[in-house]
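Protein chains in written order, with this note's numbering: chain A, 622 to 917; chain B, 32 to 209.
These are computed hints drawn from the structure, not numbers from a lab. Small disclaimer: the values here were computed from a predicted structure and weren't measured. Take these hints with a grain of salt, some might be off.
What the hints assert, rightly or not - Below, computed lysine to any residue pairings styled on SDA-like, alpha-carbon distance capped at 25 Å:
no., chain 1, residue 1, chain 2, residue 2
1, A, Lys781, B, Asn128
2, A, Lys831, B, Asn152
3, B, Lys121, A, Lys880
4, A, Lys630, B, Thr61
5, A, Lys630, B, Ile83
6, A, Lys880, B, Thr61
7, A, Lys801, B, Ile154
Claimed, not checked - If you want the footprint, here are the derived chain B segments under chain A, 3+ residues with CB under 8 Å:
no., region
8, 107 to 117
9, 153 to 160
By construction, the Cβ of each residue, glycine as well, lies at the ideal position given by its N, Cα and C atoms.
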Amino acid sequence: MPQFFLNKKLILLLISIIVLVALIGFSLRDKENVSWPEQFVKDTTGFVQQIFHTPAQFITNVIEDLRDLQNTYEENEKLKARLDEYVSINTEVQELRKENQELREILKKTDDLGDYAAIQATIIGRNPDRWQETIIINKGSLHGIEKNMAVITSKGLIGKIKSSNQFTSSVQLISTLDPKNRISALIQGEENVYGLIEGYDDETKMLLLKKIPYDVEIEVGGNVITSGLGGVFPKELPIGTVEDVVVDQYGLTQTAYVKPYADLYDISNVIVVYPSYDKKEATADLKDTDNEEAGL
Amino acid sequence: MKKLYIPLLAVIFFVSESIFVSISGQVFSTDYILVPRFLFMFLVFLVAYSNIRVALIYSVIIGFIFDVTYTEIWGIYLFALPLITYMMKKAMTVLQNNIFTLSLLSIVSVIVIEFVSYFMNSILGFVSMTFQEYTTIRLLPTLLLNTIVIVVLAYPLKKVMIKYVNVDSQDRMFGKKV
Chain A
622 MPQFFLNKKL ILLLISIIVL VALIGFSLRD KENVSWPEQF VKDTTGFVQQ IFHTPAQFIT
682 NVIEDLRDLQ NTYEENEKLK ARLDEYVSIN TEVQELRKEN QELREILKKT DDLGDYAAIQ
742 ATIIGRNPDR WQETIIINKG SLHGIEKNMA VITSKGLIGK IKSSNQFTSS VQLISTLDPK
802 NRISALIQGE ENVYGLIEGY DDETKMLLLK KIPYDVEIEV GGNVITSGLG GVFPKELPIG
862 TVEDVVVDQY GLTQTAYVKP YADLYDISNV IVVYPSYDKK EATADLKDTD NEEAGL
Chain B
32 MKKLYIPLLA VIFFVSESIF VSISGQVFST DYILVPRFLF MFLVFLVAYS NIRVALIYSV
92 IIGFIFDVTY TEIWGIYLFA LPLITYMMKK AMTVLQNNIF TLSLLSIVSV IVIEFVSYFM
152 NSILGFVSMT FQEYTTIRLL PTLLLNTIVI VVLAYPLKKV MIKYVNVDSQ DRMFGKKV
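My request is simple: use the sequences and hints to build the entire structure.
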């Protein structure tokens, strides 16, 4: 027994395992803000990453452009065919938008869950240890980015802000398996079907839309968008299409497999969006009028 | 000036991993998960051509920065990198010392870190793959990628290390300065 305690290396190993467990527990807690030393380290590495990433991105863009040139002709043919369709849709959208605005004015409803403000950003790094898919972008809290804002590309939703530093922020992609990561979503149809995006299937590369009531019928191929009901993400951000529907093991709810619109591996530019209506103002309004009328 | 070359090399290896992951998705798409573990080549060669103290300091600093910037779970790499560096040093005292065994040791260290990270992440609940899926989707393609890179980089890396690592010659394990 005394020999055991004399073994310095073994003691060192045991102590470091204890420290390891303590550190992991410490860093896993839900923190509101990132401490300034952590921010400093992240911003410094972000700066270095940007120096190396910019030329690498430039070269990649050149390669991609060259590849695009190969099938320009076929693409052009296809796009021309779609152009006529586009004109008619465009006029219809304009008509609807106008009508919507008029109706809103009649209702005196000015705030909308679908209104959002946007910040453009460029990706400067990605987590090489690919258990948690995280990307790093070149905008931080100085540019107005806060925790939990939604991140989209031109195609659709890709994730949310995990933490923001002064000049950089980390984005957690929707493909990360995190039990705390839930997005309120809906499937468009004659009647909207609501559910929660929870988890990702690595093999089929699809998102899982869970907690759908068992008695609703879901069309395969339907569009899935954010519902805006969580209060964090704006409404109507496109997520993907329904590919498959299964009933869960107890038969109480259904799970839909959703194929994301955005390619989660081919990302270079992103847009950070957040609801532009002021939540406090909206609720303050409620207190003054509705509550008094109701005698509260 | 010469003293700055090895830290600069460490920075390049550190950044190259992240750039590889973010750029490779844009150039080609694959169903497999390729994980670049280029830092371990750097560490293994550093152990071989400098002394264990220098290599341990490097591995602690790199592990800490890796945890803070990428995983945001402190401890996994901070713990694993020095441990693997130490194991590689022990292995080198037993094995014959040449560039081939060093490359082989780099690949062994990639396997070790892959298993450690799989184990830790499955405890923390970030893994949905079964072990079978893990080996076919992730482990084998990762090993292939890192083997190709080590074959290409081993010789230049050795040259750079011999030229710019300056330690007392009795501390150095092998590869004496000429």
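Okay, the hints, checked on the actual structure:
no. : hint                 : result
1   : A:Lys781 to B:Asn128 : violated, 48 Å
2   : A:Lys831 to B:Asn152 : holds, 24 Å
3   : B:Lys121 to A:Lys880 : violated, 48 Å
4   : A:Lys630 to B:Thr61  : violated, 43 Å
5   : A:Lys630 to B:Ile83  : holds, 15 Å
6   : A:Lys880 to B:Thr61  : holds, 16 Å
7   : A:Lys801 to B:Ile154 : holds, 16 Å
8   : 107 to 117           : holds (count 4)
9   : 153 to 160           : holds (count 6)
Going down the numbered hints, you'll see the structure goes against 1, 3, 4, while the others check out.
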